[in-house]
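Enquirer: Chains as they are written, first to last, in the working numbering: chain E, 269 to 786; chain P, 404 to 773; chain A, 140 to 445.
Calculated from the structure, these hints are not laboratory results.
Beta carbons: idealized from backbone N, C-alpha and C, even for Gly.
One or more hints might be untrue.
Unchecked claim - The list that follows gives simulated cross-link-like pairs (lysine to aspartate or glutamate, EDC-like), each with its CA atoms no further than 20 Å apart:
1) E/Lys425 - E/Asp343
2) E/Lys387 - E/Asp400
3) A/Lys442 - P/Glu744
4) E/Lys427 - E/Glu456
5) A/Lys442 - P/Glu749
6) E/Lys753 - E/Glu513
Said to hold, decoys possible - Which chain E residues stay away from chain P? Per the calculated CB distances, all over 12 Å, these:
7) Glu277
8) Gln498
9) Ser634
10) Trp638
11) Val755
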Amino acid sequence: MGDFLAVTELTKAFPGVLANDHINLTLRQGEVHAILGENGAGKSTLMKLIYGLYEPDSGEILLEGKPVHFNSPRDAIHAGIGMVHQHFMLIPALTVADNVVLGDEPGRIRYHRKQAEEKVRRLSAQYKLTVDPAAKVGDLSVGLQQRVEILKAFYRKAKLLILDEPTALLTPQETEELFVIIRHLRDEGVPILFISHKLDEVRAVANRVTVMRAGKTVATLSVAETTSQQLANLMVGRDVVLRIEKEAQKLGPVLLDIQNVEVHDKEKHPRVRGVSFQVHAGEIFGLAGIDGNGQFELVDAIAGLVNVSGGSVRFDGKDITHLSPGARTETGIAYVPQDRQVEGLVLNFDLVENLILRDYRRRPFSRNGWLSRQAAVKFAEDLIRRFDIRPPDALRKAADLSGGNQQKVILAREVARDPKLLIVAQPTRGLDVGAIEGVHRQLLHLRDQGKAILLVSLELDEMMSLSDRIGVIHNGVLQDIVDAKTVTREKIGLLMTGSREDGTARISSLDLQEVRKP
Amino acid sequence: MTPVVRSVVRGLGLPILASLFAIVIGAIVVASIGFNPVTVYGSLLFGAFGNLFSIGATLSGAVPLILIGLGIAIAFKAGLFNIGAEGQYWVGAIASVWVGYHFNSLPGWLHISLALVAGMLAGAVWGGVIPGLAKAYVGAHEVITTMMMSYIGILLAQYMIEEPHAPMRQPGYIPESPMISSHAQLPFLPIKAFVQSQLSIGIFIAFIAAVVVWFLLQKTTFGFQIRTVGYNQRAAKYAGVHVAWYTILALGISGLFAGLAGGVQMLGVAHQLNDSFASQYGYTAIVVALLARNNPFGCIIAGIFFAALSTGGQTMQQVSGVPASLTNVLTGLVVFFVAAEQLIPEIRAWVRRNGKGRKAAGIQEGGKIA
Amino acid sequence: MSVLLNPQLWAGTLSLATPLALPAIGGTFSERTGVVNIAMEGIMLIGAFFAVSFSYWTGSPWLGLLAAMTAGALIAWVFAWAAIRLASNQVVLGMAVNIFAAGITAFLLNTIFGYNGTPPSTASLATITIPAIKSVPILGWFFYQQSVLVYLMLVLVVVSHWFLFHTRLGLRMRAVGENPLAADTLGLNVWRLRYTGVIIGGVLSALGGAYLSIGILNSFDVNMTNGRGYIALAAMIFGKWTPFGSFGAALLFGFASSLSNSLQGNAIPTDLIAMLPYVLTVLALTGIIGRSVAPAADGIPYKLDR
Chain E
269 MGDFLAVTEL
279 TKAFPGVLAN
289 DHINLTLRQG
299 EVHAILGENG
309 AGKSTLMKLI
319 YGLYEPDSGE
329 ILLEGKPVHF
339 NSPRDAIHAG
349 IGMVHQHFML
359 IPALTVADNV
369 VLGDEPGRIR
379 YHRKQAEEKV
389 RRLSAQYKLT
399 VDPAAKVGDL
409 SVGLQQRVEI
419 LKAFYRKAKL
429 LILDEPTALL
439 TPQETEELFV
449 IIRHLRDEGV
459 PILFISHKLD
469 EVRAVANRVT
479 VMRAGKTVAT
489 LSVAETTSQQ
499 LANLMVGRDV
509 VLRIEKEAQK
519 LGPVLLDIQN
529 VEVHDKEKHP
539 RVRGVSFQVH
549 AGEIFGLAGI
559 DGNGQFELVD
569 AIAGLVNVSG
579 GSVRFDGKDI
589 THLSPGARTE
599 TGIAYVPQDR
609 QVEGLVLNFD
619 LVENLILRDY
629 RRRPFSRNGW
639 LSRQAAVKFA
649 EDLIRRFDIR
659 PPDALRKAAD
669 LSGGNQQKVI
679 LAREVARDPK
689 LLIVAQPTRG
699 LDVGAIEGVH
709 RQLLHLRDQG
719 KAILLVSLEL
729 DEMMSLSDRI
739 GVIHNGVLQD
749 IVDAKTVTRE
759 KIGLLMTGSR
769 EDGTARISSL
779 DLQEVRKP
Chain P
404 MTPVVRSVVR
414 GLGLPILASL
424 FAIVIGAIVV
434 ASIGFNPVTV
444 YGSLLFGAFG
454 NLFSIGATLS
464 GAVPLILIGL
474 GIAIAFKAGL
484 FNIGAEGQYW
494 VGAIASVWVG
504 YHFNSLPGWL
514 HISLALVAGM
524 LAGAVWGGVI
534 PGLAKAYVGA
544 HEVITTMMMS
554 YIGILLAQYM
564 IEEPHAPMRQ
574 PGYIPESPMI
584 SSHAQLPFLP
594 IKAFVQSQLS
604 IGIFIAFIAA
614 VVVWFLLQKT
624 TFGFQIRTVG
634 YNQRAAKYAG
644 VHVAWYTILA
654 LGISGLFAGL
664 AGGVQMLGVA
674 HQLNDSFASQ
684 YGYTAIVVAL
694 LARNNPFGCI
704 IAGIFFAALS
714 TGGQTMQQVS
724 GVPASLTNVL
734 TGLVVFFVAA
744 EQLIPEIRAW
754 VRRNGKGRKA
764 AGIQEGGKIA
Chain A
140 MSVLLNPQLW
150 AGTLSLATPL
160 ALPAIGGTFS
170 ERTGVVNIAM
180 EGIMLIGAFF
190 AVSFSYWTGS
200 PWLGLLAAMT
210 AGALIAWVFA
220 WAAIRLASNQ
230 VVLGMAVNIF
240 AAGITAFLLN
250 TIFGYNGTPP
260 STASLATITI
270 PAIKSVPILG
280 WFFYQQSVLV
290 YLMLVLVVVS
300 HWFLFHTRLG
310 LRMRAVGENP
320 LAADTLGLNV
330 WRLRYTGVII
340 GGVLSALGGA
350 YLSIGILNSF
360 DVNMTNGRGY
370 IALAAMIFGK
380 WTPFGSFGAA
390 LLFGFASSLS
400 NSLQGNAIPT
410 DLIAMLPYVL
420 TVLALTGIIG
430 RSVAPAADGI
440 PYKLDR
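The shape of chain E in the complex, shown without the other chains:
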């Protein structure tokens, strides 16, 4: 079997990062080839290069032995490359057949819908991708929508399929069904690139696996001849956790007490199922989990941004289950939300207004509804100095600041209120090393002052080095609460994938998505 696709020495740099550093990869006829790597390892950059969304700085892509240059996805599609994006490119208001044939419809002027449906039906049968061609895409489940995406690729005569994190939005059953489809396609001779950060999935469907780390290809191995431990080590590099020196804990009384909390999303699907835990003053409680397992919905619910549909939230002895976000702030809860630009800041406001964003109702920033700009400016300038926000200009818009300084603005604002409980979600995402250290020091300092801190992070290392206790959430269910000092990363990994340690723990289900070096 020859190489269907070969990538040689492919390099792509963005300002400040070498996203892909001399990447080499071959894809053979009739294999499922997994690209395994953590978030940020360079997997999606590589896919975008192959799909014509980015242009490489250097290096070559060979398709069936011939060098190719794609200026746009259209060229890539034309050359026979099919890609299923993590976020589907579908039109919910149109039917399956409409979506599949769009851009290349049967007919001259008239659109032969029946013919399109027939073609789609035939394709479905050929590739065992069962879906009703006449159904409206918006009415289909996520798993079926994914089939439509795959059908779109084959309708355009794709000879090669790229699946970008295809299981991210699927239920376990849908994942199983997808794997059946992938194996069938492989047996039909379609080469498949399978992008994933989930070890067990790679082991389940791939023939070969290329591991990426920090923009480089580390190794290409045959899945059958390698162990999960090996792959995990390749993925994360040396297995060293940077432990931060912490002072001995001075545990205080229970401040946050949540019991059987349930949260539903807009479509009424349960996202958090019956979670209970307590957070004490003077501790950092980490909430670990793979992205999308309900941890962010849970903290949003504790902060009051989404409604709790069951259970109770008590804070400092009072029931706050049904308080508004503003009222919760008053009781002494501070919150650093996950997305600083979308939620944490008003980018068009200056720093003064952003720094009083959650406190404008209180003195001295306002009295009886009248804002005191003077007090706010004084306060802002003080915080800018104390938290070393740069540039130190209170009248600058938040949009003009770097990510690290934006995060400092939010932290400064939330900490300055002297809260009893600080909820922090993804506090170091996208920050550079120096800024990360600053944030970590700040959090530990608050803990030592006797604050309760609820930390949610996708960075397992950060979680393990900062937290005193770690609760692990999977599929909306709290699996266990463990002591951060003694727990191993393997054990947390198992819990994150929903397996419990029962002597026969399968290391292969270890999900290493979030195991990262600081």
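Assemble the complex: chain E is given as a structure, and chains P and A must be docked to it using the hints.
Expert: Coordinates of chains P and A only, in the frame set by chain E:
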């Protein structure tokens, strides 16, 4: 430049440029049909500001524009487009006129206040309650709902007086309401030319309203919350703002100002409802808010600008013979250029591209010569 | 009841529905491709004016009609350019077109034809009464002495439906109005499709205007559309952004106007009947009667990453 200076320049630059573009195009149109643009614009300017009478007429015409424009600016600040101020204006007018002629023995200040409050409430209900609720709870787009409510409001005003037995029609052959009581009329400014041009103390109400709106938006927690909702609804929720409630409030206050404008116009100028419902103030006021970039003091300037176009247009037609409708053409062009704010960056980019192209070509030619 | 047996009521319904249905279907084309269009009112005025002018100059109402369509297409093209290429706020742009059109038509009317209006010798479009159905009850009432544009409108309803829902171009236009990014990655030219939608909309709106000036009358009046462009907007929404729906809504609204004409001087105030289109539209938007939902990408400019 400091950020403040830069933002002022940015804020002023676009409206001024847009107006200049429009004036230049207008000049070309005027010249192309054989008139001298300088004379035409001169007569327009004279008609708007040439003597006390015309100044009075311009300021009088600016009152409803400023008041409604302020309301629309508040909605814009909250990220909402109140396109239906015309209807809110008329329901405000209905309410104020009704209060105005229904009582006879109230002291003047009380009667005026009651009439204006009635107009404000009517406008607020029309703009805020129905479109606001629909926006906040079922997500119906306020552009369409306020527009539809606006037509309903205008038709309601017509209904009030048009038919022989209409609710507010006074007996007789002319479709009009009774005159409001003389105590309830806003006094004219005590200068003869201003009395003739019907400039009432409404102009001060407009000025005060601008100051109030400025304070409201910049100096109160209410304004802070409105602006937060306008820029970022999720951050607003996080900041503890009740987003749905402030959506309703913003549209309601927007309608309140349109209703106030209706009241002031009725008490200050018209003194009764009569059968002319094509004021167009509600639409021009959108342009006022746009040109003012939602700055309350900008609304005063823009309001006077468009009122001047309208009063000056009449004189222009009489003096130079160019139809007054030219001013509508100018207004349309101003709005177009304000909307097309990407035009100048696009032109600049185009010039740069073409400049580069020429340069590259030049090098090639140079190469040939060598 | 007797009023319902009045043939004029039904002829009036269809006649009054025509200048609503044409721009409503035009707006449907525009909004289906993702460009919010409140400029129907202005484009109608332009169409009405150019139809009369060219009908007078050439002596042929058909050339007048052609001029109206051309002018409508041109102004729509400028609107589309600013909305699509410059990614301007489409509602504000629509207002600009409406104000500009009201000004320029009045301006041209006065400078070209003076202050006495368009000459009475202007030719208008022919009216047709189909002999075969003339004496059929109801149907015959509907079609009594209608302008050719009424028949053209009926044809356009069907053609537009076929075009939007049964042709390849129609499918593509609807796709860019729902998810332009997805359409773009499949090789569709989002901008060109949107231009097409807006310009078709302009032509149809101009036809609606021409019907007022050389269909019913043979003259142009300042602001003669009198808000019909906005009622057409309501008809488009009430008709759920479909040609048949728009036509149905236009018929309903036309019936309301015709009824209020027939009832002049009767017990039911005509102003209240005239509110009907707007009340129904608000109810439809708030979901009280059959929820109207706009195309997903309606009003959102699409920026090309090139």
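Enquirer: For the pair supplied as a hint, lysine 442 of chain A and glutamate 744 of chain P, is the alpha-carbon distance within the 20 Å limit?
Expert: Judged against 20 Å, a Cα distance of about 15 Å means the pair holds.
Enquirer: Hey, does valine 755 of chain E actually stay past 12 Å from chain P on C-beta?
Expert: holds (32 Å)
Enquirer: Lysine 427 of chain E and glutamate 456 of chain E: Cα distance at most 20 Å?
Expert: holds (11 Å)
Enquirer: Closest CB-CB distance from tryptophan 638 of chain E to chain P, is it above 12 Å?
Expert: violated (6 Å)
Enquirer: With the threshold set at 20 Å, check whether the alpha-carbon distance from lysine 442 of chain A to glutamate 749 of chain P stays at or below it.
Expert: Holds - the C-alpha atoms of glutamate 749 of chain P and lysine 442 of chain A are around 13 Å apart, at most 20 Å.
Enquirer: Going straight from one Cα to the other, do lysine 387 of chain E and aspartate 400 of chain E come out at no more than 20 Å?
Expert: holds (12 Å)
Enquirer: Please check whether the beta-carbon of glutamine 498 of chain E is more than 12 Å away from every beta-carbon in chain P.
Expert: Consistent with the label, glutamine 498 of chain E stays out of reach of chain P, its closest Cβ about 43 Å off (over 12 Å).
Enquirer: For the pair supplied as a hint, lysine 425 of chain E and aspartate 343 of chain E, is the alpha-carbon distance within the 20 Å limit?
Expert: Distance ~13 Å between lysine 425 of chain E and aspartate 343 of chain E Cα, so the pair holds.
Enquirer: With d taken as the least Cβ-Cβ distance between serine 634 of chain E and chain P, does d exceed 12 Å?
Expert: violated (5 Å)
Enquirer: Are lysine 753 of chain E and glutamate 513 of chain E close enough, with their CA atoms no more than 20 Å apart?
Expert: holds (12 Å)
Enquirer: Can we trust that glutamate 277 of chain E is non-interface, i.e. its beta-carbon lies farther than 12 Å from all of chain P?
Expert: Check passes; 31 Å lies beyond 12 Å.
Taken one by one, the earlier hints fail for this structure at numbers 9 and 10, listed in ascending order.
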